[in-house]
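> Construct the complete structure from the given sequences, taking the supplied hints into account.
Order-wise, the sequence lines are chains A and B.
Following the numbering used here, the numbering of the first sequence begins with 1 at its first residue and continues without gaps.
Following the numbering used here, the numbering of the second sequence begins with 1 at its first residue and continues without gaps.
Note that these hints are calculated values from the structure, not bench results.
We put the CB at the ideal spot given by N, CA and C, even for glycine.
Hints may contain errors.
[Stated by the list, open to error] Distance condition first, Cα-Cα at most 25 Å in a straight line; then the derived DMTMM-like pairs of lysine to aspartate or glutamate:
hint, chain 1, residue 1, chain 2, residue 2
1, B, K94, B, D112
2, A, K100, A, E115
3, B, K94, B, E133
4, B, K94, A, E144
5, B, K94, A, D196
6, B, K94, A, E237
7, B, K94, A, E147
[To be verified] Cβ pair distances, simulated, as ranges:
hint, chain 1, residue 1, chain 2, residue 2, range
8, B, G128, A, N51, 43 to 51 Å
9, B, F248, A, L239, 53 to 61 Å
10, A, S245, B, D112, 25 to 33 Å
11, B, R105, A, I84, 27 to 35 Å
12, A, L239, B, P225, 32 to 40 Å
This is what each chain is made of:
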Amino acid sequence: MARALPATIALIVFFALWEAACRGFAIPEFLLPAPSVIARAIAAAWPMVLNHTLATLGTVLLGFAASIAVSLPLAMAIASSTTIAAALYPLLVVTQSIPKVALAPILIVALGANEAPRIIVTFLVAFFPLVVASVAGLLAAPPELIELGRSCRAGRLQELLRIRLPFAVPFVFGGLKVAAALSVVGAVVAEFVGADAGLGYLIQTSMAFFRTPLAFGAVVILAILGILLFQAVALAERLLFPWSSGAERPALAA
Amino acid sequence: MIAIEGVGKRFSGRDGGAVQALEDVSLTVAPGEFVAVVGASGCGKSTLLRLIAGLVAPSAGRVAIDGAQVTGARTDTAMVFQAPTLLPWADVLKNVTFPMRLMRRAGPGTEDAARALLARAGLAGFEGRLPRELSGGMQQRVAICRALLQQPRILLMDEPFGALDALTREEMSLELLRLWTESPMAVVFVTHSISEAVLLADRVIVMSPRPGRVVDDVAIPLPRPRSFDQEGLPAFQAAARRIRDHIFRGQAARAAA
Ligand SMILES: Nc1ncnc2c1ncn2[C@@H]1O[C@H](COP(=O)(O)OP(=O)(O)O)[C@@H](O)[C@H]1O
Ligand SMILES: [Mg+2]
Chain A
1 MARALPATIA LIVFFALWEA ACRGFAIPEF LLPAPSVIAR AIAAAWPMVL NHTLATLGTV
61 LLGFAASIAV SLPLAMAIAS STTIAAALYP LLVVTQSIPK VALAPILIVA LGANEAPRII
121 VTFLVAFFPL VVASVAGLLA APPELIELGR SCRAGRLQEL LRIRLPFAVP FVFGGLKVAA
181 ALSVVGAVVA EFVGADAGLG YLIQTSMAFF RTPLAFGAVV ILAILGILLF QAVALAERLL
241 FPWSSGAERP ALAA
Chain B
1 MIAIEGVGKR FSGRDGGAVQ ALEDVSLTVA PGEFVAVVGA SGCGKSTLLR LIAGLVAPSA
61 GRVAIDGAQV TGARTDTAMV FQAPTLLPWA DVLKNVTFPM RLMRRAGPGT EDAARALLAR
121 AGLAGFEGRL PRELSGGMQQ RVAICRALLQ QPRILLMDEP FGALDALTRE EMSLELLRLW
181 TESPMAVVFV THSISEAVLL ADRVIVMSPR PGRVVDDVAI PLPRPRSFDQ EGLPAFQAAA
241 RRIRDHIFRG QAARAAA
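Laid out in structure tokens, this is it:
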């Protein structure tokens, strides 16, 4: 908690400066609304804002869940065989080089204007760092530990389940934190292209009518969503794998 | 008990080149014998241990234990590495019992045996700690307990005290001797330290690098129990000098070449 104090102070100072600048320089509201104006705009339209927030949250969580469900088995396959790795890695890199904004309209035409294309875009944005981090984790077990397993006549499956997987936990959580933050980005990108609800949609429609404070409000809520999701992952790590959170931090996904 | 007959080991490198790690190594270790192996780094000491452990197969010759050729890992050998290599997620007790559980040899008495061993190693009260809460020396003691709990007939130690400070090192080598006296096992102990080898072993095998060969097999006639007081004895000095001469003569020859 002591670590949260500097961050809180920094945040308060940031908003105070913002507020002061807007008032001091009389910046027009449609260019840069003051924090107080943004807060009032959200408060005035809160049931609508809440609905959009829930819509986005749904997309984020489903896309995030899909990225976990795909990444972990994929990472195990890649880590278990150099042949599979050689076959899959180029494909993965290709999925990363495709701009997701370009992919979204195509998916909507192909799959219809429903939740599916948004979840897929979210998934595509989020899963790659998770795969990379998990593979790194699965290969991070020191060779001596693998030899210890072999000298106890452990099979490949036992080696994976009892040595490699637990060893990968801190790395996987590093990837999960990145993926959680990216899920929010992915969901908003998808909503920009085709949606009738969600914070991305709210930003677009608000700006179309010069309701800048509401658009800013949506951005602030998105930031809060990202932070909450990140913290939820960190909390899950602390609760489920207490040994991991204090362990040596692997660098965030390469 | 361990018979190594004309063993060679060649590793093919990634770039197509090959390394002859060991060439024509012959060596026997009797049951209950404490054998130290010294030599410059890269002369194949770790490879020799891996061959005995059945973790790698020889390219020439054969390794046999009790007359049976070693073709894979055996349950009656145990290995201690230079780094403790503990499981970071498991507490000390779980770490010590890990190989037994992996081999499905853990029974109702395993945990008590582990506690007793830990107490012998001065780790009573640390059973529930995580490895990162222990000092390097304590972690290595856990790794040694982990190997001893398997009640191996052959204990393979690859520079087990190499990462420890000098004081911890001396203390732990005497501790190891006490544990060895109480349990009937052969020890093959790889070390960089000539005095450590002489202090601990019944025989010291001296190896030369590139390719790794046995250049001498020095019997240590010092009485047991051993202690650091024996370092001043003529027999100790003579053995140490003989080993040192091999190693430095080899280095001088290579420097001249
Ligand atoms: N798995 C391996 N693949 C390729 N070369 C190896 C492998 N293991 C050891 N070597 C090579 O064999 C030689 C002996 O290594 P090692 O047995 O580790 O020596 P030591 O333990 O005496 O330092 C070294 O040149 C090393 O590079
Ligand atoms: Mg070595």
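> Each hint needs a verdict: does it hold in this structure or not?
Hints, one by one, checked against the model:
With a CA separation close to 12 Å, the supplied pair B:K94 and B:D112 stays within the 25 Å bound. Proximity of A:K100 to A:E115 is assessed by CA-CA distance (about 16 Å); at most 25 Å being required, the pair is judged to hold. The suggested pairing of B:K94 with B:E133 holds, with an alpha-carbon distance near 15 Å, which does not exceed 25 Å. About 18 Å separates the Cα atoms of B:K94 and A:E144, which keeps this hinted pair within 25 Å; it holds.
Distance restraint check for B:K94 and A:D196: the Cα-Cα separation of roughly 54 Å exceeds the 25 Å cut-off, and the hinted pair is therefore not satisfied. With a CA separation close to 21 Å, the supplied pair B:K94 and A:E237 stays within the 25 Å bound. For the suggested pair B:K94 and A:E147, the alpha carbons sit about 18 Å apart, so the restraint of at most 25 Å is met. Taking the beta carbon of each, B:G128 and A:N51 are about 50 Å apart, inside 43 to 51 Å as hinted.
Evaluation of the 53 to 61 Å hint for B:F248 and A:L239 yields a pass: the beta carbon distance comes to about 58 Å. Judged by the Cβ atoms, the range 25 to 33 Å given for A:S245 and B:D112 holds: they are separated by roughly 32 Å. Taking 27 to 35 Å as the suggested C-beta distance range, the pair B:R105 and A:I84 conforms, at roughly 33 Å. Between A:L239 and B:P225, the C-beta spacing of about 51 Å breaks the proposed range 32 to 40 Å.
Checked against the numbered hints above, the structure violates hints 5, 12; every other hint is satisfied.
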